[in-house]
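A.B. asks: Listed below are the residues making up each chain.
Protein chains: 2
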Amino acid sequence: MRLALDAMGGDHAPGPIVAGAVQAVQADAELRVVLVGDQAQLGPLLGPDAPRDRLEIFHCTQVVGMEESPVVGMRRKPDNTISRCWQLLAQRKVDGIVSAGNTGAMVAGGLMSKRFLAKVRRPGIAAIIPTFQSFCVMLDVGANVNPEPEHLFQYGVMGSIFARYLLQKEKPTIGLMNIGSEEAKGHSLAKETHALFNASPLRKQFIGNVEGRDLHSGDADVVVTDAFVGNVVLKTCEGVFDFVMKVAAKVVLGALDTERGKAEQALQGLAARYHYSEFGGAPLLGIEGVCIICHGSSDDRAIKNALAVAARYAAVHLNDLIVQELEATQPALAPEG
Amino acid sequence: MRLALDAMGGDHAPGPIVAGAVQAVQADAELRVVLVGDQAQLGPLLGPDAPRDRLEIFHCTQVVGMEESPVVGMRRKPDNTISRCWQLLAQRKVDGIVSAGNTGAMVAGGLMSKRFLAKVRRPGIAAIIPTFQSFCVMLDVGANVNPEPEHLFQYGVMGSIFARYLLQKEKPTIGLMNIGSEEAKGHSLAKETHALFNASPLRKQFIGNVEGRDLHSGDADVVVTDAFVGNVVLKTCEGVFDFVMKVAAKVVLGALDTERGKAEQALQGLAARYHYSEFGGAPLLGIEGVCIICHGSSDDRAIKNALAVAARYAAVHLNDLIVQELEATQPALAPEG
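Protein chains in written order, with our numbering: chain X, 2 to 338; chain D, 2 to 338.
Don't take every hint at face value.
Since the list can't tell identical chains apart, any single copy or any two copies may satisfy a pair.
Claimed, not checked - Below, a list of computed lysine-lysine pairs in the DSS-like style, where the Cα atoms sit at most 30 Å apart:
#	residue 1	residue 2
1	Lys78	Lys192
2	Lys247	Lys170
3	Lys247	Lys263
4	Lys120	Lys170
5	Lys247	Lys172
Note that these hints are calculated values from the structure, not bench results.
From just these sequences and the hints, can you work out the full model?
C.D. replies: Right, dumping it as structure tokens:
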């Protein structure tokens, strides 16, 4: 397995990014990582213990900034790390790419490559969300701000394959994010998507509308929505988690005397368990090859886990399974308009 | 002050609804409450201690169910509690109305009444959200699923008046819910709303885009968004809060021995402090009179607090202040299309 890693992307790049790559290849003897970025900066970061035979540097000189306009940045900087990652993928020199850099540029690279899987209309970003039982996957969280109902239907198909093979859900349930449980609720996108699922071979997996408060219940293994709602919800989850953990720590630790240390340790363990770095980034589903988009503030652990997810994704040939499932469910879709 | 209360609306009606009304009039000697609902059920719920001189029953026979289609329900049941509340308001027999019943029916009642405040294009529901510092107000969370940029601008105006006079924010900041901090982010509704604020007299209060993770930071005192996003975000906050409190309680209490009771008490206090019942419901801003929409599972405390919020809203003449502010900022708006 060979993956390209944007070594210059992310708030803390390149130090923790390179460290994550070293940990990933140390943990997986089959893994090779191509570090894409400035050789002069990256070389010294590879310590004496790094397995250099499975870590190479692909030198390039430019980086699209985290807050930079993706399209402008990529045009002005043709030698940027993200475009180079996509080129390595297009040339089949790597099986997948991973970046904690500018999310918009990663998505734009995928859209510009036009290397969508057969039958896929628009790729979508899938985020992994913790539930009381285990995890669910919500998509799209950032690629497709103005989707059509068919796109959301395909997100259900792709998300259910992801949930089945990477989250070990035997028969994943699919829910539609909406503002009420009744079928007639919501805007036209929601109503039309609801009808598409009910008219499709996936109707037995489709559990109808889910609301924001159901996300963590675990009832839906896959939650489909547009990128605007998905992105806002994902970041709201992050914000509320942070808020509650901080106020809970304050009141609990303030109330204790002798066992304060134990409580603090328990809360720290909980924060680590649900930290985004644990899930290693969000896959862009629907493109040829593997593309994992990481949180901007990824640390070494997040990068290590993202590389591991990318390797597993490629190893189980998830894209072949997605194409098969799309073919099996496609008859329900109207011709592209 | 005289308020009508939908005594039959909500998951637990009528018991806790009537109890909340009794507590509210006991706490405020100026308050009179008209209980709207079935006299035979409501009469016996008024105990011997209830101040009967300030609690009357307006008898009606029907209720729109919590899951019932609002429009169908209101048409089929002309003598329903929600329509009767709106009629009492239209006839100026009460200053405000409060219901924990079918939210869609409450909104539909307001839209059908057509008694919008001068210059208001569409009413919006404002939810009060806790922040690290105090509270912010997010709207719309349920009235207007397909808004125009002008509607969102007016939500900013109305929300800032609410924040100023009911949340004691001297000069409230206004943020636009979006998927990134840069001006060019998001769908056309977001971009056009952004431009409207920047071209208006409110530009000094407008802090631009806010993301889901900023909601609890307190940077924005008012967050404007469409009803779909606002409703999903509000319920996501509720779900994540519940999720984190449960998993935190589990790990913390599991780690403690002698001080488990203290930690449990601290967590219960925290859950009560941020429980929706503390904020007493969400006002529908932009209509003549006062309308407070409560959570379906409201208990007596929620109803008591909602009645208190409605009384304060009416007492400070918030609607007059909203109309003045809309007149002052209106030049920025294009004529209704």
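A.B. asks: Could you run down the list of hints and mark each one as holding or not?
C.D. replies: Outcome of the hint check:
1. Lys78 <-> Lys192: Between. Shortest inter-copy distance 26 Å satisfies the 30 Å Cα cut-off; intra-copy 42 Å does not.
2. Lys247 <-> Lys170: Result: close only across copies, 24 Å inter versus 33 Å intra.
3. Lys247 <-> Lys263: For Lys247 and Lys263, both the intra-copy (16 Å) and inter-copy (18 Å) Cα distances are at most 30 Å.
4. Lys120 <-> Lys170: within (24 Å within a copy, 53 Å between copies)
5. Lys247 <-> Lys172: between (37 Å within a copy, 27 Å between copies)
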